[in-house]
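Heads up: the protein sequence lines correspond to chains C and A, in order. Here this note's numbering is used: the first residue of the first sequence is 1, the next is one more, and so on. Here this note's numbering is used: the first residue of the second sequence is 1001, the next is one more, and so on.
It should be emphasised that the hints constitute simulated quantities derived from the structure, not laboratory data.
Each pair of labels, with its calculated beta carbon distance range: (1) K92/C x E1075/A: 46 to 56 Å; (2) E1068/A x G32/C: 26 to 36 Å; (3) K92/C x N1107/A: 44 to 54 Å; (4) G139/C x E1222/A: 24 to 34 Å; (5) V82/C x D1188/A: 51 to 61 Å; (6) G1119/A x R16/C: 18 to 28 Å; (7) I1172/A x G139/C: 14 to 24 Å.
Since this is a predicted model, take the numbers as computed values, not measurements. By construction, the Cβ of each residue, glycine as well, lies at the ideal position given by its N, Cα and C atoms.
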Amino acid sequence: MASANSEPSGYEYSARDLLVEPNHYMYSKYGGEKFLQLYRKDREELWTILLQKISACTEKDVELLAALKGANAGSTTIAPKVAPVTILHQPKFSMQELLDALLASYSGPKKNKELEGIVEKIRRAFEAKRLLFAEYESGLKKGSGQTGTEPLYAAFSALLGMTMRSDKNLHVINALLKVNDCISSIVRVRSNLLTPYACGLALIGLTAEITQMRTLAGGKMP
Amino acid sequence: MSVLSDVGMLLIANNRSRAYLQRMLHHGLRPSHVLLLTNEGDAVLPGQKPSDVADAGSSADVAKPSTEFKLNEAETLQQSMERAGIAWTVVASSDINSETVISALNNRNESTWIYSGPGGAILKKKLLSIGKRFLHIHPGLVPKYRGSTTIYYSLLNEGKAGASAFFISPEIDHGAVIATREFPPPQDYETIDYLYDPLIRSELLVDVLLSYKNKGSFESREQNEPSDPYYIIHPVLKHVCILNSKKK
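For reference, chain C alone in the conformation it holds in the complex (with noise of 0.2 Å):
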C-alpha cells in the first residue's frame, strides 16, 4: 500500500512540481508497454492515497460527493449562489468560484449545454498553458495570480469526469490526464495539501480516466 507521501512511481510526468514547471509534452518519447506499466502504477498509487484521506471527510462532504457522483443527483440543495455564466463575464472572477458554481450546478437534476460549454471553455485555458490561475479575466481570456492552488486541479478534475462521454472523448480524456498529472504531482511533490472533500473531488476524475483509459486500451489500463 502507498503511503501518504509516495515514493516516485518511475512515471516521469507527475515527478516534479507541476503547477511550478508544467509539462510541456510535445515530441514525448516511446517508452513502450514498460510506459504504460508505470502510469498504472503511479495511478494505483493515487488512487490508494487519494482513498486513505476521504475517510476523513465529513457528513456534508459526503452527501455533495454522492450527488455529484450521481448517486442522489437532484437530493442535495446547494445551488450556487452565482449562476456559472454571470461568473464567467465579470471583468475578473475567481476560477475557485467558477468551479465550485459548475460544482454546484452539476449536483442538481438539470445539466445543460451552458455548463458544458464553460467546463469546455476552462479545458481549453487549461490545455493551453497546462496550469489553472486563480483568476482570470472575464471570458477566460487571460489568467492571472498564483497557480498554485490545489484545489482547482481537484474541481476542474471532477468536472471533466463528470462532462465526459460514454464514448470515446479524446479532447477531454486528454485534458483529464494532464490534470491528473498535476493531482498526482500535489500528492507526490507538495505533500499532499488536498482537503478530503478535494480528495473526493479528486476521485471522481480518476474513475473517469480508468474507464475511459479502459475503452481505449482494453486489459493494459489499471
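Guided by the hints, dock chain A onto chain C, whose structure is given.
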C-alpha cells in the same frame, strides 16, 4: 527541372524540411530560393533522436507513396540544394517571428513561401502582414483535425490519417485550403513523428506544387467551419495509439 520562380522555401533543418525538398527534387520541382533558419539548441527532440532516425531507414516508405520516392535521411539540406543548384541564404535565427527572418523575407521577391519551421512555432500577425503567403502542410484533415499532433487523434478515432495544404492565417489552422488528402495508416506507428508525418506532408506538398505548375496559380477556398482544436497529445494516449496498432 522546373524552377518555381515565385515560390521560395523557409526551412529549418529537420526531417520534414528534408522530405519536402527531396521529394520536390524527385519530381523535378525546384524552389526559386531557400531561406535556411539556424537550428539552435532544440535540434534534437526526444522523438527525433538521430539514432532513431538512422535506424528507421528501412521504413522510409511507410506512407505508401504513389511514386518510388525514398527519403534519404543521410543527405543534409545543404547537400540537396547543392546537387540541385538551388541558391540559399542562411538566416541567423531560429525564431520564425524575429526581425532577422522578416528582413530576410522582405529582401526577396518571391510572394509564396513553403513553410517548414521549428515545431510548435506560431507565425505572428507582424510576419503574416508583410505581403507574403506562407504555404503550410498540416498533418490532419481540416476543419475536423485542427491543432496539434492530429495524426494520433485521427488514427485513434478513425484508423486513418490525412493532411491539408493551406495558406497560414492568424487563426491557427483556419487558412484558405488548397488541397486535402487522406492517407492509409503507417506500417510502423513508432515512426510517426519523424518519418510518417514528413512523408505524408511532402506527398501532399508535391501534389499542390504540380497543380500550381500546370495551372499557374494556387486555387484555394476559405474554411469557416467551426471545430474544437486538438491540443498536444498526452503520452499515454500516444502509447495507446502505437500499442493498439501492434495488436492488429
